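Trainee: Residue numbers (this note's numbering), protein chains in the order written: chain A, 1 to 402; chain B, 1 to 176; chain C, 1 to 406; chain D, 1 to 232.
In case anyone wonders, no lab produced these hints; they're calculated from the structure.
It is possible that some hints are incorrect.
Stated by the list, open to error - Dumping the calculated DSSO-like pairs for lysine-lysine here, alpha-carbon to alpha-carbon at most 30 Å:
hint	chain 1	residue 1	chain 2	residue 2
1	B	70	A	63
2	B	69	B	90
3	A	63	B	98
4	B	70	B	162
5	A	329	A	98
6	B	90	A	63
7	A	325	B	162
8	A	325	B	73
9	B	70	A	329
10	B	90	A	215
11	A	98	B	98
12	A	329	B	98
13	A	329	B	162
14	A	98	B	162
15	B	98	A	150
What the hints assert, rightly or not - The following residues of chain C were derived to be distant from chain A, with all beta-carbon distances above 10 Å:
hint	residue
16	30
17	47
18	61
19	100
20	107
21	173
22	205
23	283
24	298
25	322
26	324
27	325
28	329
29	330
As the list claims (entries may be wrong) - To spell it out: a stretch of chain A is covered by chain B in this simulated footprint if at least three of its residues, at any positions, have a beta carbon under 8 Å from a beta carbon of chain B; those stretches are:
hint	segment
30	239-252
31	358-365
Predicted model only: the values in this text are computed from it and were never measured.
Where a beta carbon is used, it is the ideal one built from N, C-alpha and C, also for glycine.
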Amino acid sequence: MSQILDEDQRIIEFDVRTDEMLVNMGPQHPSTHGVLRLVLRTDGEIVSEMEPHIGYLHRCAEKIGENLTARQWIPYTDRMDYLAAMNMNLGWSLAVEKLLRYQVSEKARHLRVLIVELNRIASHLVGMGAYGLDLGTFSPFLYAFREREKILDLFEEVCGARLTYSYITVGGMTADLPPGWLQRCEAFLDQFEPIIQEYHALLTTNAIFVKRTAKIGVLSPEMAIDYGCTGPVLRGSGVDIDLRRDGESIYTAMHDGYAFEVAVMKDGHYPRDHKYPAVPRDAILGDCWHRFFVRMLEVVQSMDLVRQAMDRYSQCKGALGEPLKLAEKLPAGDTYLETECPKGQMGFYLVTDGTSIPWRVRARSSSFSNLAVSPELCRGCLIADVPAIVGSLDVVMGEIDR
Amino acid sequence: MRGTDFISELEAAVDGALVGRDLDAVDPWLEIAADKLLETCRWLKDSCEIRFDGLQCITAIDWFEPDPKKAAKVEWEPHTEVVYHLWSTKARASLVLKVRLPRWQGNEQGKIPELSSVVSVWRGADWHEREVFDLSGVQFNGHPDLRRILCPEDWDGYPLRKDYEMPLEYHGMRGR
Amino acid sequence: MAEFLIETIGLPAWLAWTCVAGLSAVLILNVIAGGALIFIWAERKIAARIQDRLGPTRTGGRFGWLQSLADGIKLLAKEDLMPEGADALLFRLAPYVSFCASFCAFIALPFAFDTVGQRLNVGVFFVVAILGLEVFGVILAGYASASKWSLFGAMREAAQVVSYEVPLGMCVVVPVMLAGSMDLVTIGEKQAGWAMNWFIFHDPFTFIIFWVYCTCALASVNRAPFDLAEAESELVAGFHTEYSGLRWSFFFMAEYGSMFLVSALAAILFLGGWNGPVPVSKLLGLSDGVAVTDPFALRIVGCMNLFLKATAGVLLMMWIRWTLPRLRIDQVMTTCLKYCTPIAAAMFLGVMLWQLFLPGGLVAGSFRAAAGVREGWLEQSYRKQSAEEESLSVKTLSRHVFEVSR
Amino acid sequence: MNQASFGIPVSLFASVTIDWHGFFFLLFAAIACISALMVVLSDNVVRMALHLVLSLGATAGLFFLAGAEFLGAMQLMIYVGGTLVLLVFGVMLTAQTQLVSLRTPAGDRVIASILAAALLAVLVQAAFSIESWQKPGQGMVSAPTATPLGMALVGVRVDQHAEEGLLEPKGGYLLPFEIVSVHLLVVLIGAAYLARAKRRRVPRPVDLVASVDSVEPTFSGNSDTTVSGGSE
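Please put together the full structure from these sequences, using the hints given.
Mentor: Here is the structure:
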């Protein structure tokens, strides 16, 4: 503090100088998603400096990965982004299959798209509900969870678990769909369609919500790419990247034949395949509102994908195919594959030395890089904006700390 | 996926950088000399015609076989390898760079190897390098705030090294 | 009541008056405290219904109506702990200051014609002054619990309530201007008769002023989009983070008390207080229009009317709370200084001009009671007083003005 | 009075009469004086502010007792609601640890008490020299006090013109009232101008991330968590 005093007196003698307070938000804070601690240096209500402290949920999954075979590590990928466990399983399975140059059956491919997109809807619902909680309204959280419960029921029928499924594994799926599941999934999608408009009315176009999120935490496309932000955070800033379309060949092969538009604002407007609410006047591209809106569009996009996957899955003649053996021998070498998860691009790096146990396993988490940009966004905002900004990044601590 | 012209371009731009390569692996990679790393990365991001503007991930692999029996059969000798995964958002292309470092600086136990930080090139590298420093013990010179990110501040040892021993006690909590 | 005690039981005068005073005090306290209990249960039920769930169903009967009792017992049983850095005296005093401020405003609040604790001639002014006191308890609580977060909460709340008193004051002056007196009973009485008489339909300006009043009332009671003080997403629970058990319940009672107060005030000032939309009693010939001589039963009906309107106001507040997100502190301030105050001032001017140019109102009808006050006062001042009329002592003048106005 | 026997020994109460008006008068007067004294004597700044609020609140009570409801409500709103909230704000902001207790040296106390005693003597003598204050008050005047005030403002001096039937309303107090309010407005704008934060020409060198570490040790050692951080 001393060097501030001997500054040029003329400028600051009339200024009302309040001393800086170091305030601790978390790690048990109700608004931060999980155990994330934010140290705010505040000057009155203005936050001059924010530093996130992570590592409270670190379970060293990577060290354990060096003692388990590829299929035995699947449950650990569940616990990383526990809101979208299916996407995590898919990411790890595809990475291993890329190393083995193994091709799953046609039926398994469509089933994977179906299950993964359904899990994306569930994850975005939690994101939307928790964001409403950050801004002070409690009801959307309960509406979101009511719908999510229905998806979890569907998953429970498929693989017996509601949160950490370990359903998609290396070489295929652990089980096929139970009879009548497709009709129940169809029923869910039909009744879910109008409810999306409810969420738009309740949050997206709500005047107070727009006031709390528009022009807050504006992330420029260059900074987003520089910090390695991915997923809705990147698309919220207008960068047109979606790995399902421009990812690695093995990942895009899974989605070829599916018609979908990437939810991003291209030359001034979002895709018009459905009736979406208009963008409010004072929302700038890259602010919290746009990140939230991109997630809401992706829910509708995922619903289309699920419908297409259901048709293709039911038309497939061949057998589903068995997953690989538990202790499958892995060829020496290393491979890296990123898949499009709800929070962003989740990368798995696998280094093997020829035995069935990998030498080194590395999970590149999307929320890890998304959160890295938060000090940049929170500089100079108000205290009440910090949960709004961190909430809009939709971070999950399990994925960050691994 | 990298044409030979790209490699010749790279060698022309930064001489002595390319030390090794393997183009027919599942993910072709190039090996870069440790001291030329920062220069290469700056060239890749700014002046190369495929702009690698995104740093996906930095990983450190500890090539060291702890028990002597297997160590005899292994063909590589112990070293630490830092792997950079880059990708270009415009050209949708990805690239893997590897850098070979000794396990300990000057081979005496306890002094961790040095490497120049690429935070000045990609801001995203900040937290990735802090994690590599925290878990695998690689000192990144030029990093603005190199502290442990996942383990507590005063944790000793680098967990992801093959010869890492779990401490018996930490602030009164029993380790084993 | 006092006469009954003196004649029949033969108590000395002063004791009779003491009993009456004690009884009315207890009556008001229990009515409001009872109301608060019901509102706690109602809040849980409404929140549940809005969020597509059931709310309390098992405590006491099918609709969980004993939930408030269960809450009360839980709060009583909880330990009243105090943070070690806290300032003992202030920490204990704060809830009582807040509770008393919120409840002693009911002294001047009439429930039906002339059934009021103490009929103050400055009723409205007194209630607004007391509303300002409640923030004092909050500041003490925030400061005394010696934690950064509570201090933040207290500062925010104090800034908000103090700044919202300005537009609230302006909105409250409009009905006073229409009724010509600050006495709540007179204001209520002016809106007798058909619903058209209510001040909210008096002219377009008062209609807008009613909604500005609702916003300011919401803000000064710290509810719904303006509940900055206990913004759990940022400040955990604002100024009452450190309170638990009975002390915390005092803050809770104060909040519900002032919620009921503010909506009752809105009912009286704008929605005709104890007068129902249709003057049933006059149509049925039960009362001859002069409220003073109404039979006692009509007072009970009056109370019912006011309670219904006030409860409707409270339910509206609850409904808003469970649908709208929260505003930021600077947005709350800008709505106050940039929106509420200028609009209130403009409408105030509008109502004044309206009164001046259209004293009879658009529909020139006899029921324009407010205008009567002015003519009565002017004629009376110019007409030479004949000797036999009593001298214009303070008491006679006010009664005189009062009769002329009806 | 017919002695209806309700089993209450009515005669017991007949002798004792409590004059509530007098009782409350004494109560409020006592509170006002004692808390005024406490303001001077207590050394904790926040306690001082609290006692000041109590004494001003008690004077408001006295006004209500004297039937001047308008004045009482005014006192409550202006003093207790307005000024003191700002005072407590100021006290709360400044009363960090080192400023909370203000010790007055013994010498000053002696001089202060002498001065106070002299002032008190003068006031008491002046008070009792007015004969209408000798005998105790004859009870509350519960007349509506706001209406005549309002009309006095507009010009109809009800209490003076009672006799000759207020022929034509004189100027009243409207003009001075408006002048005072404009004056207050000017004062407000001046204060706001002085207190506004200057636009900085030189951005204040907020010592960025590095200094966060300097403060860090107080938090990171999770065994000795000092309370300086958030309460949780």
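Trainee: What hint numbers does the structure not satisfy?
Mentor: 2, 6, 15, 17, 25, 26, 27, 28 and 29
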